[in-house]
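Q: One letter stands for each residue in the lines below.
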Amino acid sequence: MAELTYRAAMAAGIAQEMDRDPSVVLVGEDVGAAGGVFKLTEGLFERFGSRRVVDTPISEQAIVGAAMGAAMTGLRPVAELMFSDFFAVTWDMVVNQIAKTRYMTNGQVSLPLVLTTANGAGLRFGAQHSQSVENWAMAIPGLKIVAPSTPADAFGLMAAAIRDPDPVIYTAHKALFATKGEVPDGEHLDTLGTARIVRAGTDATIVALAAMVPRALEAANRLQDSDGISAEVIDLRSLVPLDTRTILASVEKTARLFTVEENPRLCGWGAEIASIVADEGFYSLDAPIVRITTPHVPLAAAANLEDLAIPSVERIVETVRRRLDEAR
Amino acid sequence: MSTTQAQPTGPADAAASGAPSDEVRLELYRVMVECRLFEKRAQELFFEGLVRGTTHLGTGQEAVAAGFGVAMRGDDHTFCTYRGHNHTLARGVPMAPVYAELFGRDTGLMGGKGGSMHLTSVEHGAMGSYAIVGAHLPIAVGAAWSAQYRESGQVAVCFFGDGTTNIGAFHEALNMAAVWKAPVVFVCENNQYMEYTPIRSVTAVDRPAADRASAYGLEPIVVDGNDADAVYAVAVAALKRARSGEGPSLIEALTYRHGGHSRADPAKYRPEEEVKSWLARDPIPLYRARLTESGVDTAALDAIDEAAAAKVTEAEMAAKAAPEPDPAGLETQMWADGGSAWRN
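Residue numbers (my numbering), protein chains in the order written: chain X, 1 to 328; chain R, 1001 to 1344.
I should point out that these hints are in silico values taken from the structure, not numbers from a laboratory.
Under the rule of at most 30 Å between Cα atoms (straight-line distance), these lysine-lysine pairs were calculated in the DSSO-like manner: (1) R:Lys1181 with R:Lys1240; (2) X:Lys100 with R:Lys1181; (3) R:Lys1040 with R:Lys1276; (4) R:Lys1181 with X:Lys39; (5) X:Lys100 with R:Lys1320; (6) R:Lys1040 with R:Lys1311; (7) X:Lys39 with X:Lys180; (8) R:Lys1040 with R:Lys1320; (9) R:Lys1040 with R:Lys1268.
Just chain X, with the same shape it has in the complex (with noise of 0.2 Å):
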C-alpha cells in the first residue's frame, strides 16, 4: 500500500488506464505540460506525450465535442473541464449530444468517455467555482456519475470509468484534493454503481458523497461519543448506477434516514433516494426521512458564509441528535 493524495491518486489512475491501453488519450485546458491547474494531471504529459495528453484552447464546446467524437471512432478519451461550473457551457455537447446518441442511434454509437471536472466548494471561490453539480448530469438519461471521497476511491473509480463502454462524468472534489490514503498496490480497479458502508451503526442511516463523507463520517463518531447514538455512514461512490440495495439494506437495519448533499436543495440526489426509499422501504422507517442540504441559493464567496452553506459536522450533529430525540 501507498499513500497518495487523492490528485496524486486520479494522475494515477489515469496513467495506469493510458499504460494499458493505447485509445486511452487525455485531452483538456492546461492538462499537458502544465499538468493540470489543480495538479490533477500531473507527471502524465512527461510520461506520455503531447500526442496522448492534449492541450487545448479554452473552448469546452471543442473538448466535450472532440471527446466524443474521438470516442465515436475508437478511441477512449478522458476530457478535463477546469470547474465543474464550466459544464454550463458545453451542457448541449453532454445533454443532446454524449447522452442520447446511442440510444438515438438505437445503439449504433458507443462513447467510452470520460468527463473529469473539479466540483464543488471549500476554496471560497464564489459562486460560478464552487457549485456541486452532480446532480445537473443526474437527471439526464444516459450518463453515469461518479464522486470519489478518497485516494483509493480516485484511483480505482477513475480505472473504471475509463474501462466502462458509456459517458462516465468523474466529479473529482476540490476540498479534497489534497487529503492523503492509501492505495493499493498494483492494478486497481473498482465497480461503478457500488456504494459503501465506511462505517456500521444502527441507529440511523447516513448517505453522503464525496466531500460530505468525511463530515459525516466525523459527525457519527460524535454522536457516538456524545449520545451513544451509532450511525451507519454510507458513501454513495456513484450516484449512476445508484446502489439502491445498500441503502435499502441498510435502513431496514437501522430504521431511519439522513441524506448529506452539497448541492442546492431543489432536486438534489438525496431527493431521489428520499423518494426510492418512501416507496420501497417505508415499512422499515421509524420517522420521516431527513434531507440535510445547502440551502437554495449560489454559493457566497465570503469564508463565513459558504461554511454556513454547506452542510457542517455541528450541523450533521445536530440534526441527527434532534430528529432521533424527537422520535422517542
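Place chain R on chain X using the hints.
A: Leaving out everything else, chain R in the frame of chain X:
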C-alpha cells in the same frame, strides 16, 4: 489570401483541375436524382400523414451531398445536420430503412428512435445527423483527431448551413481543427437563409463561411454548390489535403433551398425573382444538360431516372409494410450492455 480561390469554381476550373471521368459523372447524376426523388416522395408522404414530426428537405442542394459523397473514401466519416437525408443517402445508405425511420417503423435505420433529424448509419460512415445547430462541428473534429491518432487516413466531412457560422461551436471547432491540423473538411452549404431570415441580414460579412476562414489561417474557398462537377473537384482537393496531413479546409458552397426551412414553412419571405433565378439553376437539369452536351447517351440518363424512381417506390413499399417498433425496445440501447438500468 488568393482572390482567385474566393471566386466560385465554375465548370472551366473544374475541367482545368481534371474533369471527372464519365463513370464518376454518371454516379454524381445518379446520387442527385435518387436524393431528389426520395425527398419528393417523402414530402408527399408527409402530407399524407405517414411521415410524422418534421422534415427538413435539401431539395435544390443535392449537388453538394453528391459531390462529396462520390469523392469520399468508403471509410471516411460524414457528419451532417437535421437537413441530412441527402448526405446520408449519398454514402450508400439504402432508402428503405431511411423511409422506415421517417415513418417510425421497426425496420428504421435506428429502429424508430431517431427520426428524420438524426439519421445515422455507422456501417456506411454516416456518423449522424445533428439537430442542434453547430454541435457536430466539434464532434467531427474529434473524429478527425481520432483518425490522425490512429493513422487511419480517414477524413471527417462535416456539412452545415450558413446559419451555423454564427454559433460559438463553429468558431471553437474551426480553431481547434486548425491548431491540430485535423483531417476534417467543413462544408458550409450557404442556401442564403438561416431558417427564415436572409443570412446577409444577420451576418457581419458577405460570405458567412469564406470570410471567416482567414481567422483560422485557412484559405477562403467558395464553390458553386449547384454544380456537381465543381463540388466534386473541391471535394477531391480538400480530401487530398486532409489525408496528406495538411489539415482542415473550409468550403462555402453557394446553393438554394427550393422549399422552406421545414415542412411547416411555405417560405413566403423569399422574393419571387430570387426563387425563379435559383430554380432556373436547379442542379439536376443543369447537370443532365451538361452530360448530354458532352456526349453522354440520354438513354443512359433515362435509365438512371427510371431505376431511381423504381428504387424509391420499392423502398416506400418495404417501409410501409414494416411494423411499428416493438414496445419492448423503449428501454433498450441506452447503455452499451443494451439496457437502460440506472439502479440495482
